[in-house]
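Chemist: Below, each chain spelled out in residue letters.
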Amino acid sequence: SQQGEEDPQALSIQEGENATMNCSYKTSINNLQWYRQNSGRGLVHLILIRSNEREKHSGRLRVTLDTSKKSSSLLITASRAADTASYFCATDKGGATNKLIFGTGTLLAVQP
Amino acid sequence: DTAVSQTPKYLVTQMGNDKSIKCEQNLGHDTMYWYKQDSKKFLKIMFSYNNKELIINETVPNRFSPKSPDKAHLNLHINSLELGDSAVYFCASSPRTQSGEQYFGPGTRLTVT
Numbered sequence: 001s002q003q004g005e006e007d008p009q010a011l012s013i014q015e016g017e018n019a020t021m022n023c024s025y026k027t028s029i030n031n032l033q034w035y036r037q038n039s040g041r042g043l044v045h046l047i048l049i050r051s052n053e054r055e056k057h058s059g060r061l062r063v064t065l066d067t068s069k070k071s072s073s074l075l076i077t078a079s080r081a082a083d084t085a086s087y088f089c090a091t092d093k094g095g096a097t098n099k100l101i102f103g104t105g106t107l108l109a110v111q112p
Numbered sequence: 001d002t003a004v005s006q007t008p009k010y011l012v013t014q015m016g017n018d019k020s021i022k023c024e025q026n027l028g029h030d031t032m033y034w035y036k037q038d039s040k041k042f043l044k045i046m047f048s049y050n051n052k053e054l055i056i057n058e059t060v061p062n063r064f065s066p067k068s069p070d071k072a073h074l075n076l077h078i079n080s081l082e083l084g085d086s087a088v089y090f091c092a093s094s095p096r097t098q099s100g101e102q103y104f105g106p107g108t109r110l111t112v113t
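In order, the protein sequence lines correspond to chains W and U. In this text, residue positions in the first sequence follow our numbering: the first is 1, and each later residue adds one. In this text, residue positions in the second sequence follow our numbering: the first is 1, and each later residue adds one.
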């Protein structure tokens, strides 16, 4: 299967703590994206990191990419109850189509 | 002001029936997609259209047929529904075909009984 894998599958933390999710993938990529999915809703794009980038920040989000290990991590700092959601990584190999291969997702629960 | 909309939100139907799901985007994007999310939350691309032209066609049964009347709409028709078709179907769009964020609709939960 091309599908990437994320770990942990589920993560429960207290408000104010940091949450780290990891994503591993199998083939070379053009970019890697992270999406959030609240329960019963569609996916929302969070951040995109290109294959020639190693780290990227957006607000409380920090993403790293290690292409030699084919892995990425998403760090959410100072978590809030509203961050409770499933988080998915998605890889894009590039080429003529914007075909995303999604990971298995991490379910994050932030306890108030 | 909804960016990507889908109808219906819920669809319950019996095996063997034919059903359609509609998707519209008002973002002016050229590319649209259909994804299937199963009960384990695995999300997989099914189809993609760029300006009404099919550009991604994954290994999907022939019972599934996408139709794009214009670049703002991408509908999904499913013939002879089976129990295994039960899932949440998401429509998405992006400004261009090459590398970039995708904007997802709210999803259509299809239940086949």
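No lab work stands behind these hints: they were computed from the structure. Computed from a predicted model, the values in this text were never measured in an experiment. Certain hints may be false.
[Stated by the list, open to error] Only pairs whose alpha carbons sit at most 20 angstroms apart, straight line, appear in this in silico EDC-like list of lysine to aspartate or glutamate:
1) W:K26 with W:D66
2) W:K26 with U:E58
3) W:K69 with W:E5
4) W:K93 with U:E101
Chemist: If you check each hint against the structure, which ones fail?
Modeler: none
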